[in-house]
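Sequences and hints are given; from them, build the entire structure.
4 protein chains.
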Amino acid sequence: MDLQTLQSRVFADIAQFIGNRRGYAFLARADNMVAVTNGLDHQDHELLQESIANRYPVTISIGIGTGEEPIAALEDATNQIQTVGSAQDQSRREVLAGITRKRTTSRDVQIAHFDVNNATSRYTDQLNAFDSFIVIQRAYATLMQHLREQYSGLSFFVGGDNIISIVPEITTDDYQEIIQYVASTAEVNLKVGVGCGSDAAEAGISAKYALETCRHREIAIHINDDGVNLSSKEV
Amino acid sequence: MDLQTLQSRVFADIAQFIGNRRGYAFLARADNMVAVTNGLDHQDHELLQESIANRYPVTISIGIGTGEEPIAALEDATNQIQTVGSAQDQSRREVLAGITRKRTTSRDVQIAHFDVNNATSRYTDQLNAFDSFIVIQRAYATLMQHLREQYSGLSFFVGGDNIISIVPEITTDDYQEIIQYVASTAEVNLKVGVGCGSDAAEAGISAKYALETCRHREIAIHINDDGVNLSSKEV
Amino acid sequence: MDLQTLQSRVFADIAQFIGNRRGYAFLARADNMVAVTNGLDHQDHELLQESIANRYPVTISIGIGTGEEPIAALEDATNQIQTVGSAQDQSRREVLAGITRKRTTSRDVQIAHFDVNNATSRYTDQLNAFDSFIVIQRAYATLMQHLREQYSGLSFFVGGDNIISIVPEITTDDYQEIIQYVASTAEVNLKVGVGCGSDAAEAGISAKYALETCRHREIAIHINDDGVNLSSKEV
Amino acid sequence: MDLQTLQSRVFADIAQFIGNRRGYAFLARADNMVAVTNGLDHQDHELLQESIANRYPVTISIGIGTGEEPIAALEDATNQIQTVGSAQDQSRREVLAGITRKRTTSRDVQIAHFDVNNATSRYTDQLNAFDSFIVIQRAYATLMQHLREQYSGLSFFVGGDNIISIVPEITTDDYQEIIQYVASTAEVNLKVGVGCGSDAAEAGISAKYALETCRHREIAIHINDDGVNLSSKEV
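Protein chains in written order, with my numbering: chain P, 1257 to 1491; chain W, 1257 to 1491; chain S, 1257 to 1491; chain D, 1257 to 1491.
Among the hints, a few may not be true.
[As the list claims (entries may be wrong)] In silico DSBU-like cross-links for lysine-lysine, where the CA-CA straight-line distance does not exceed 30 Å:
no., chain 1, residue 1, chain 2, residue 2
1, D, K1358, P, K1358
2, W, K1358, W, K1464
3, D, K1464, D, K1358
4, S, K1358, W, K1358
5, P, K1464, P, K1358
6, S, K1358, S, K1464
[Said to hold, decoys possible] In silico contact screen, one side only, chain W against chain S (beta carbon under 8 Å); selected entries:
no., residue
7, F1273
8, L1303
9, S1307
10, Q1346
[What the hints assert, rightly or not] From chain P, some residues computed to sit far from chain W (all C-beta separations above 12 Å):
no., residue
11, R1278
12, L1303
13, Q1344
14, R1349
15, S1362
16, T1376
17, I1426
18, Y1437
19, A1439
20, H1472
21, R1473
Don't read these hints as lab results, they were simulated from the structure.
We put the beta carbon where it would ideally sit given N, CA and C, even for glycine.
Right, here's the structure in full:
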C-alpha cells in the first residue's frame, strides 16, 4: 500500500502545482502521468521536477510536446523521453526535454467533458459498487480508444462518472457519432459539454458549464463556441 | 484540479490507514473506494471514518460486508449503505454499517496479481504514453468484467501494468481460460501470480512472489498453494 | 521551502500513524521528533520506520526508552541512538533500538495541558500576530525549562496557545508553583488541566476535559484523578 | 493528533504554494502563519485561499501588508484582519484584505539566517534530545524578542538549529550586538549569514551562502551585500 500512497501523493502534488498555474494533470497509468501545461514555461516544468525530487524518494522525467492535435503533442512529448533511453535504464533519470509554447489564441485548448446519463439513479443506487464501476470502465475504455483512433483526442477518467477529453475542433455531428458508438458498443449513454480557452482551466470550466447546460435542457451535446459562453450549438 | 488533489489525498490516507493494518484499499471510482479489511474490527473502521471527517471537507460512509465470494461480500457492503438512502441524499452522511468478521483460516483472502507480458519493451518503449495506456485500460476493462461475471472476482488497476484481483479459489485451468479470453478479446497477453493468506497483505505478498516466479520461469500462471510458498502449481 | 514541506509532511504522517494507535507525537526540533508510544509494540515502530523509508527521500532512526519519569524515558531513548554514532555519521541510518513495554496501569501516562488565560481577547485581538507569538514562545521557553529542571517533565508547543506536557505525578501545589514561576518570569498567565491514562490518548483527553473545567469554573488548575473523571482536585 | 496532522498539512500546502512562487512561509503559532509574499499578486493570494477552502475543513483569512520595516508590514497585515472582527467571530471568515506591491528593487527583502555554533557536536550528540531542544528554544525566544524590539525584525524557528529572520538593513555591528546579547542572556552562541534580494527566495539563498561562508572561514557574521554575492563584509 505504500506504493499506492506514494503514487497518489506525487499525483496530488503535481495536480496542485499544475492546477494552480491553470493547467490540468491526469493520473493515467500512475507511473506515467499526462498534463496539459499550456501557459507554463520551461522554468515552471523544471521547478516541478526539482520539487518532486526534493520531497519524494523518486524522480520524474518530463517530455514537453506541442502539436495541432492532442495526440501529436503527446507523441512529441513521449519521443522527447523515449529517445533518451528505455523506461528501465538506470541512466534515464530526471530528463527534461522539449520546448514550451506561449499562449497564442483563445482556442489553444479544447476540452470535452463527458458523463454518464443518470449515473446515480441508474447505476450507483441500483447496482453494487463494483458493477457500476464496471459500467463506467467499459464506457471509458471504449470512448478513449474510439476518440483517439478516429479524432486524435486524449481521454482520462477523473472519478465518479466523469471523463475529460483533450480534443481537436470537431463538430456536433462528430460528437453525435461518438456518443452513438459508445452507446452501441459499451451500452452506456453519455452526454458531453465542450469548451475552449487559451489554457486548460479556461477550456475546462467552459466545458463544465456546457455540460450543466446539457443537464438543464436535457440534451446530449452542448458546445460553447467560445470561452465566455456567448454562443453555442446544441443537439 | 482541487477535486483531483482531494480525492488522491483522501485515498492516500485511507490506503495508509488500512495498509498498515494489513488490508488493501483500491481507488475504484474515486468517489467510491473498495477495501479488503479482513483483520480490522469495527472500531478501526470507525476511527478511519472519524479521522477523515476531522481532516477533510468531506465525510465518508462505510458499508462492511462478508461473503464466501468477493462479489457477495461487496454486494453485502453496498447494501448496507444503499438501504440508508441515495448517494445524493443530504441525510445519508457518515453511515457506518455492517459486521466485521475475525480472521478464521490462513486462506481467508485470495489474491491474483496480473501484469502485461513484456509491457516495457512491447508497449512503454514502443508506443506513445497514451497508446500504451489504451492497451492496458482495454485489458483491464475486459478482465474486470470477465472475472466478475464468470468467477465472482473483483479486479482493480493499481498503476503501471498491474491489476490486482480479489478472487475465490479457482483452478489453474480457470486462470488459463481467463488469460486466453483477454488475449483473444483485448489482444493483450497477461500473466498471473496467485496467493492466499489470512489477510490481504499476506495474500498480496504471496501473489507478488508467485508473479516473480512466472517472470523467472517464463510461465503464465503460478499459484502459491499457501502463504508460505511451500508448494505450487504452474503452467 | 521544500525542506519545510517535507518536514511537515513526515511529521503529519508520523502523527497519524502514532495517533491512531493512541499515542502522541510532537514536532520538537523537526529533524528530531518526540512521541509517547505507550501501547505500541516493536513491530509497530518497525512498520512506521519502513513506511517512511518507502515514501520519503529520508529515513528515520527510532530509539525507544522507558522510565519512571518522562525525562528518564527520553534519556533512555536518546542513548539508544547516540551509542550507535553521531547524528552526522553516514553509517547511522535507520537505527531501531530499545524495548517497548506493555500497558501496565491506568496511570502509565500523565499529561498536563496548559494554555494562556484569555489569549484571544488579551493577545490575538490586541497585538499584531508576531507580538502575540512572542508572548507565547516566551511562556513556552520558560515553562519547558522549568518543568524539565524542577519536575523532570517534557513540554511541547502544539499550536495556538496550547502547550502539552508529559509529567510525572506532581501535586496541585507543584502546578501552582509552576504557574507562578511562568507568571513572574515570562509575564504570562497560564492555566492547566491534568489527566492520566494507560496511554497518551486517554491521558490527553482527560487533561483536555480538565482544562475545560478550568475555563467553566474560572480556576487555574484542575487535576482529573483518574481517566474517567470521577474525582478531582482544584485551585 | 488529527488537529496536529491537519495543521501540518495545511502549512505544507501553503509552504509549497508560496515557496514555488519565490516566497517564504513560516508556521508561527500554527493557527496563525506568517509569509513573505513579495512577488505574489492579489490573484495569487486569492487562489491560495480558495484552494485551501476546497480541500480542507477549515478556511483561512489573509491580511496583506507592506512597510519599510518587517514589523510595520506585519502590523499592517494584522490590522487588515483585526478590523474585520475578533478571531473567534463566526462572521470573520475568509477575509482577504490589503494591497500587494510589485517588486521594486533588488534589496526589497533582507534575510538573516542564524544557526547554533557546533550544534551537533556540542548539543545533539551530547545532550538528550529534549535538553538540546531546550537550548535551541531558549536561544530562539531570546533572539526573536530582542530582534523585534531593537531592530523591528521577525524571526522564525525552521527546524534543526536554524532560525530565519526577516530584517531591515542593519550593520555588522548590530549583528555583533545581537549575537552577544543572545550569548549572554541565553548562553548559546549563534552565527549569522545575511542576504538580500527582490524576493524571499533570492534573499534566503544569499543568506544561506553567507552562512556557509561563516562555516568555512570560522567567522560569526557574513553579509552578502548583494544577491549575487560579489562583495561582502565580515567579522
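Now for the hints, and whether the structure bears them out:
1. A threshold of 30 Å between alpha carbons decides the hint, and for K1358 of chain D with K1358 of chain P the separation of about 23 Å falls inside it, so the pair holds.
2. Only pairs whose Cα atoms come within 30 Å are accepted, and K1358 of chain W paired with K1464 of chain W is accepted, the gap being roughly 25 Å.
3. Straight-line distance between C-alpha atoms of K1464 of chain D and K1358 of chain D comes to about 25 Å, which keeps the hinted pair within the 30 Å bound.
4. Of the supplied pair hints, the one linking K1358 of chain S and K1358 of chain W holds, its CA atoms being roughly 23 Å apart against a limit of 30 Å.
5. At most 30 Å may separate the alpha-carbon atoms for a hinted pair to count; K1464 of chain P and K1358 of chain P meet this at roughly 25 Å.
6. As the CA atoms of K1358 of chain S and K1464 of chain S are separated by approximately 25 Å, the hinted pair is consistent with the 30 Å bound.
7. Against a cut-off of 8 Å between C-beta atoms, the interface hint on F1273 of chain W holds, since the closest Cβ of chain S lies about 7 Å away.
8. Interface restraint check for L1303 of chain W: the shortest CB-CB distance to chain S comes to about 6 Å, inside 8 Å, so the restraint holds.
9. At about 6 Å, the closest approach between the beta carbon of S1307 of chain W and any beta carbon in chain S falls short of 8 Å, and the interface hint on this residue holds.
10. Of the supplied interface hints, the one on Q1346 of chain W is violated, with its beta-carbon coming no nearer than about 29 Å to a beta-carbon of chain S, more than 8 Å.
11. Distance check on R1278 of chain P: its Cβ comes as close as 9 Å (rounded) to a Cβ of chain W, failing to clear the 12 Å threshold; non-interface status is violated.
12. At roughly 17 Å from the closest C-beta of chain W, the C-beta of L1303 of chain P stays outside 12 Å, upholding its exclusion from the interface.
13. Look at Q1344 of chain P: its CB is around 6 Å from the nearest CB on chain W, not clear of 12 Å, so calling it non-interface is violated.
14. Distance check for R1349 of chain P against chain W: the nearest CB is about 16 Å away, which clears 12 Å, and the non-interface claim stands.
15. No beta-carbon of chain W is positioned within 12 Å of the beta-carbon of S1362 of chain P; the least distance is around 21 Å.
16. With a closest Cβ-Cβ approach of about 6 Å to chain W, T1376 of chain P is found to fall inside the 12 Å limit, against its non-interface label.
17. Interface exclusion of I1426 of chain P from chain W stands, the closest Cβ pair being 17 Å apart, more than 12 Å.
18. No beta-carbon of chain W comes within 12 Å of the beta-carbon of Y1437 of chain P; the shortest separation is about 15 Å.
19. The non-interface label for A1439 of chain P is consistent with chain W: the shortest C-beta to C-beta separation is roughly 16 Å, beyond 12 Å.
20. Annotated as non-interface, H1472 of chain P keeps its C-beta farther than 12 Å from every C-beta of chain W; the closest such distance is 17 Å.
21. For R1473 of chain P, the condition that its CB be more than 12 Å from all CB atoms of chain W holds, with the nearest at approximately 20 Å.
Going through the hint list in order, the structure does not satisfy hints 10, 11, 13 and 16.
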